[in-house]
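For the protein sequence lines, the chains are A and B, in the order given.
Its first residue numbered 1, the first sequence is counted upward by one per residue in this note's numbering.
Its first residue numbered 1, the second sequence is counted upward by one per residue in this note's numbering.
Mixed in with the good hints there might be a few duds.
[What the hints assert, rightly or not] Derived pair list, reagent style DSS-like, types lysine-lysine, alpha-carbon separation capped at 25 Å:
1) B:Lys49 <-> B:Lys69
2) B:Lys68 <-> B:Lys103
3) B:Lys103 <-> A:Lys52
4) A:Lys44 <-> B:Lys49
5) B:Lys68 <-> B:Lys58
6) B:Lys69 <-> B:Lys103
7) B:Lys49 <-> B:Lys103
8) B:Lys68 <-> B:Lys49
9) A:Lys44 <-> B:Lys103
10) A:Lys17 <-> A:Lys38
11) B:Lys58 <-> B:Lys69
12) A:Lys38 <-> B:Lys103
[Claimed, not checked] Partner residues aside, some chain A positions facing chain B, computed with beta carbon under 7 Å:
13) Val19
14) Ser39
15) Ala42
16) Pro43
17) Tyr49
18) Leu90
19) Tyr100
20) Thr101
21) Gly107
22) Pro108
23) Gly109
Because the hints were derived from the structure by calculation, they are not lab data.
Small disclaimer: the values here were computed from a predicted structure and weren't measured.
Where a beta carbon is used, it is the ideal one built from N, C-alpha and C, also for glycine.
Listed below are the residues making up each chain.
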Amino acid sequence: DAMVIQNPRYQVTQFGKPVTLSCSQTLNHNVMYWYQQKSSQAPKLLFHYYDKDFNNEADTPDNFQSRRPNTSFCFLDIRSPGLGDAAMYLCATSISVRRYTDTQYFGPGTRLTVL
Amino acid sequence: AQSVTQLGSHVSVSEGALVLLRCNYSSSVPPYLFWYVQYPNQGLQLLLKYTSAATLVKGINGFEAEFKKSETSFHLTKPSAHMSDAAEYFCAVSGYVNFGNEKLTFGTGTRLTIIP
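Based on the sequences and whatever the hints tell you, model everything.
Laid out in structure tokens, this is it:
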């Protein structure tokens, strides 16, 4: 089945220690998104890739970076995690024909704990 | 700018009873509206979406929603609740604001509990 895969499902890191979260997709979608979701809150878009074109949200901290080496993979790098970065990180994809009507397909998420 | 308000962060219904989850939107452009469901420790899954065709939209698992422009609402309903419906439900809005700014804006979610 075509799907969005996130690894690992649970990640524990130490305060200030860089961490990378991984997302892969078999849907062959052009757009990949990263969301941050804190407990009992709405998912918050961090950035997205439209093919190789990176689009950062204005309020995304510089501490968060992303890489997309090919169509299938996208990574979220947190350079110096703080306690406030503990959250569920969701990866999503969509076809880019008309982005505002597209369904986004979500992975299961990676829950990040910062000690 | 676009926004979504979900009335009621927690809703409890008895098994077999009507489910009604409320969503009101605000948008300066024609809106496209979505309902997503999130089960514990899982990602979001699309239930249904409105994209300017029929105002009554049917989705998966027996859910449906009606777009009412005059009320700026897109409430989610299901005639008979099942235990497996217990989850978090998110309403979201998007629309063509300008090129490169067509992001999905989510509401804060409604946690649905089903009482046996």
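(message) Going through the numbered hints above, which ones does this structure break? Give me the numbers in ascending order.
(response) 13, 14, 17
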